[in-house]
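2 protein chains.
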Amino acid sequence: MNIIKNTMGSHRLMNRINTLKILNLLRENISISRIELSRMTKLDAKTITNIVRVLFKQDLIEEKGFNESSGGRPSEKLSIKTSSNFCIGVDLGATHVTCAMVDMRGSVLYKDECEVSLNESKESVIKKIIFLIEKCSRNTKKKYIRGIGMGLPGLFDRKKGVSVHAANLPKWKNVPVRNILSNKFDLPVYFEDCSRVMALGEMWYGKCKNIKDFIFLDIGYGIGCGIVNNSELQSGATNSIGEIGHIKVELNGKPCGCGSSGCLETVSSGMAIAREYKRRSGLNGLSRLTAKDVLTRAYSGDATAKRIVSESGKYLGLAISHIINILNPDIVVVGGKLSKSGSVLLKPMKDAVEKYSYSGSLKGLKIVNSELGDDAGVLGASALVLRNIFELEV
Amino acid sequence: MNIIKNTMGSHRLMNRINTLKILNLLRENISISRIELSRMTKLDAKTITNIVRVLFKQDLIEEKGFNESSGGRPSEKLSIKTSSNFCIGVDLGATHVTCAMVDMRGSVLYKDECEVSLNESKESVIKKIIFLIEKCSRNTKKKYIRGIGMGLPGLFDRKKGVSVHAANLPKWKNVPVRNILSNKFDLPVYFEDCSRVMALGEMWYGKCKNIKDFIFLDIGYGIGCGIVNNSELQSGATNSIGEIGHIKVELNGKPCGCGSSGCLETVSSGMAIAREYKRRSGLNGLSRLTAKDVLTRAYSGDATAKRIVSESGKYLGLAISHIINILNPDIVVVGGKLSKSGSVLLKPMKDAVEKYSYSGSLKGLKIVNSELGDDAGVLGASALVLRNIFELEV
Chain A
1132 MNIIKNTMGS
1142 HRLMNRINTL
1152 KILNLLRENI
1162 SISRIELSRM
1172 TKLDAKTITN
1182 IVRVLFKQDL
1192 IEEKGFNESS
1202 GGRPSEKLSI
1212 KTSSNFCIGV
1222 DLGATHVTCA
1232 MVDMRGSVLY
1242 KDECEVSLNE
1252 SKESVIKKII
1262 FLIEKCSRNT
1272 KKKYIRGIGM
1282 GLPGLFDRKK
1292 GVSVHAANLP
1302 KWKNVPVRNI
1312 LSNKFDLPVY
1322 FEDCSRVMAL
1332 GEMWYGKCKN
1342 IKDFIFLDIG
1352 YGIGCGIVNN
1362 SELQSGATNS
1372 IGEIGHIKVE
1382 LNGKPCGCGS
1392 SGCLETVSSG
1402 MAIAREYKRR
1412 SGLNGLSRLT
1422 AKDVLTRAYS
1432 GDATAKRIVS
1442 ESGKYLGLAI
1452 SHIINILNPD
1462 IVVVGGKLSK
1472 SGSVLLKPMK
1482 DAVEKYSYSG
1492 SLKGLKIVNS
1502 ELGDDAGVLG
1512 ASALVLRNIF
1522 ELEV
Chain B
1132 MNIIKNTMGS
1142 HRLMNRINTL
1152 KILNLLRENI
1162 SISRIELSRM
1172 TKLDAKTITN
1182 IVRVLFKQDL
1192 IEEKGFNESS
1202 GGRPSEKLSI
1212 KTSSNFCIGV
1222 DLGATHVTCA
1232 MVDMRGSVLY
1242 KDECEVSLNE
1252 SKESVIKKII
1262 FLIEKCSRNT
1272 KKKYIRGIGM
1282 GLPGLFDRKK
1292 GVSVHAANLP
1302 KWKNVPVRNI
1312 LSNKFDLPVY
1322 FEDCSRVMAL
1332 GEMWYGKCKN
1342 IKDFIFLDIG
1352 YGIGCGIVNN
1362 SELQSGATNS
1372 IGEIGHIKVE
1382 LNGKPCGCGS
1392 SGCLETVSSG
1402 MAIAREYKRR
1412 SGLNGLSRLT
1422 AKDVLTRAYS
1432 GDATAKRIVS
1442 ESGKYLGLAI
1452 SHIINILNPD
1462 IVVVGGKLSK
1472 SGSVLLKPMK
1482 DAVEKYSYSG
1492 SLKGLKIVNS
1502 ELGDDAGVLG
1512 ASALVLRNIF
1522 ELEV
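Note that the protein sequences, when read in sequence, are chains A and B. Counting from 1132, one number per residue, gives the positions in the first sequence under our numbering. Counting from 1132, one number per residue, gives the positions in the second sequence under our numbering.
Simulated from the structure, these hints should not be mistaken for laboratory data. Warning: the hint list may mix true and false statements.
Identical copies look the same in the list; a pair holds intra-copy or inter-copy alike.
Claimed, not checked - Pairs of lysine-lysine, DSS-like flavour, derived with a Cα cap of 27 Å:
(1) K1274 to K1136
(2) K1195 to K1315
(3) K1290 to K1497
(4) K1497 to K1340
(5) K1338 to K1136
(6) K1272 to K1494
(7) K1494 to K1290
(8) K1136 to K1195
(9) K1497 to K1136
(10) K1486 to K1272
(11) K1385 to K1486
(12) K1273 to K1423
(13) K1258 to K1340
(14) K1274 to K1253
(15) K1136 to K1188
(16) K1177 to K1253
(17) K1409 to K1481
(18) K1177 to K1136
(19) K1494 to K1304
(20) K1188 to K1423
(21) K1253 to K1385
(22) K1136 to K1343
Small disclaimer: the values here were computed from a predicted structure and weren't measured.
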């Protein structure tokens, strides 16, 4: 029931709605004059002037040149101020932590990353995060940074700001991320699941800017996804939405890290591809062989590698068909470290999607690769900060 | 991005939000005085008086007794006026069309139904719908009826108001339902998918009144579902959300009416249960044997019936586990004609849900039977009318 539940109609709300409308118009366009804003919003000149004055005060917008004059005084163009509004995006994955300084239009100004390993202590991971944030923010005035957004693997407690656990980083447990980072940097800290922030990245800066219903599929060491329904990033009843890595694709399948068996992650994740290749080809000693290496071998004609990767693709496609039949998205965006693996994985995946999806939901459906690539995570994480500036909290 | 996209902040919007707040408070409570309304909404007395005056004019509310006096003049209590606000709910299924007159609190005042058969012409089905609406509305003054809501099987064109097709009613094709009914009855006509209206029924009148994320599973002749995410009934990109009947549960399974094979409907629907029992027991002549008969036989110890129903339950549970892993709902409500079939179907279903769902999403998850029973469809359909009175259209 979509009535605005937690608020009443008030002048404050009215003003907030109109301010956001203007702010978003300025974000979606390069620059707009006051007169154009008035025409676009149907707000009177005085209201526009008042709102614009406040946005100037908040240092969120700036003047940027003039409209060509059509007789009288040329009108000044307004623009989002990118030179003094930055967000820090942090993306913690199973193998890397990445950090970037991002401006308000989603340009990455600086980015760096560190590897993390399976057995790394939480203290060591936190140290790396702090080191990267310091490195990224070295050249930016503190007062220009609007906040830190972070993508977290596994389970987290949104209220307390605690990262509870991450299946692929076993020592990363009960880490009070929000307190640690906000104490250290004295900035607002926001977070979200690491696959969901990638979906958010697509929504703010990628292929899904005006798409109401889409899925971001994150194929990497593990498999996750972000779900956007009706233009809202969903989180589910207990913050566990999108656990597609644990969809059963084989009823009598291999045991999974989650305690169950036959999960998608046991056949289609980077972890599974590498493990299965090592097992079948007797290369168990090669502990550093990764899924990417297996893909390379598949491309150079290694039959075992090809078979394993193709099987992985098929099951990925089956799981995607379940999502399509259940959710009827406009677009499935394929991202994550393995999304650039090309046809050897993606062709069998797409074939399986065709074969197993309900035809009515396939009509018009697009399966596309993420254009944001490795930046999807940090961009989406930085958008967590922007949401608090550009969206209505009701 | 949740900014109110299609509207600007205005006095009109402010007033609409406050009016809806009051209207919904009166719907959620039996009666409230003006003073209490003012306290609950923090709106001043004058605003309350103005809004209440308009609601009286619209005949939506009435006075209902007095508060006990604590000294001064006792205050009048206000209430939703149920005696002059009615909605007609129509539920078109594969085997029946049902129609009800429903008051604003979800009481069914009159209900009736007709059977429809697989080969019935669309003209005949439309005749039955009109007959039922006339019968249901016989004792209600026309001016008290707020509209007609309808649950439709299969595909429909929301904009044009046309029911495009229904797999289980092959002759029901391209029916301009909205025009036919609004011309005939001169009332606003709303519609929605027949499983989704059942979810809406649960949301307005059933077990899911304050539940943000839930699934309504409609097990009957076919299998459908309604999905509520973040308190919104979802419809998907091409209005095909919730096609769980066509989730692949057997990769090399039986052919399905949708043109594919191995779909959930080929093993777990009422249609499939009846067909499979007839096949295995050599009773193909018994064309009128239904899934309910098979269930009765299962309860009386018929081993073949038991095996078939148990298998159906298992695959239902597998499909539900996919939904749980993808969507992480609070509650799965099981409804539809077969939902009252008891343990012989539901026990294996629940066992499979336990076995195949991600443990993090099972925590706190409830699987419950719909309390609305056979009324879920007509109640949900009637709520389609109420949405236009009680919700903000943005």
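Verification of the hints:
1. K1274 to K1136: neither (34 Å within a copy, 31 Å between copies)
2. K1195 to K1315: Neither: 35 Å inside a copy, 59 Å across copies.
3. K1290 to K1497: For K1290 and K1497, the Cα distance is within 27 Å only across copies (23 Å; inside one copy 36 Å).
4. K1497 to K1340: within (15 Å within a copy, 35 Å between copies)
5. K1338 to K1136: The answer is between: 19 Å across copies meets 27 Å, while 31 Å in one copy does not.
6. K1272 to K1494: neither (49 Å within a copy, 45 Å between copies)
7. K1494 to K1290: Between copies only: 18 Å across, 40 Å inside.
8. K1136 to K1195: Answer is between; shortest inter-copy Cα gap is 26 Å, intra-copy 39 Å.
9. K1497 to K1136: Close across copies (25 Å), not inside one copy (35 Å); limit 27 Å.
10. K1486 to K1272: neither (54 Å within a copy, 53 Å between copies)
11. K1385 to K1486: both (24 Å within a copy, 14 Å between copies)
12. K1273 to K1423: This pair counts as neither: shortest intra-copy Cα distance 39 Å, inter-copy 70 Å.
13. K1258 to K1340: neither (35 Å within a copy, 46 Å between copies)
14. K1274 to K1253: neither (29 Å within a copy, 68 Å between copies)
15. K1136 to K1188: Result: close only across copies, 25 Å inter versus 30 Å intra.
16. K1177 to K1253: neither (54 Å within a copy, 58 Å between copies)
17. K1409 to K1481: within (26 Å within a copy, 37 Å between copies)
18. K1177 to K1136: between (30 Å within a copy, 22 Å between copies)
19. K1494 to K1304: Answer is between; shortest inter-copy Cα gap is 19 Å, intra-copy 43 Å.
20. K1188 to K1423: neither (50 Å within a copy, 70 Å between copies)
21. K1253 to K1385: neither (29 Å within a copy, 51 Å between copies)
22. K1136 to K1343: both (22 Å within a copy, 12 Å between copies)
Violated hints, listed in ascending order, are 1, 2, 6, 10, 12, 13, 14, 16, 20, 21; each of the other numbered hints is respected by the structure.
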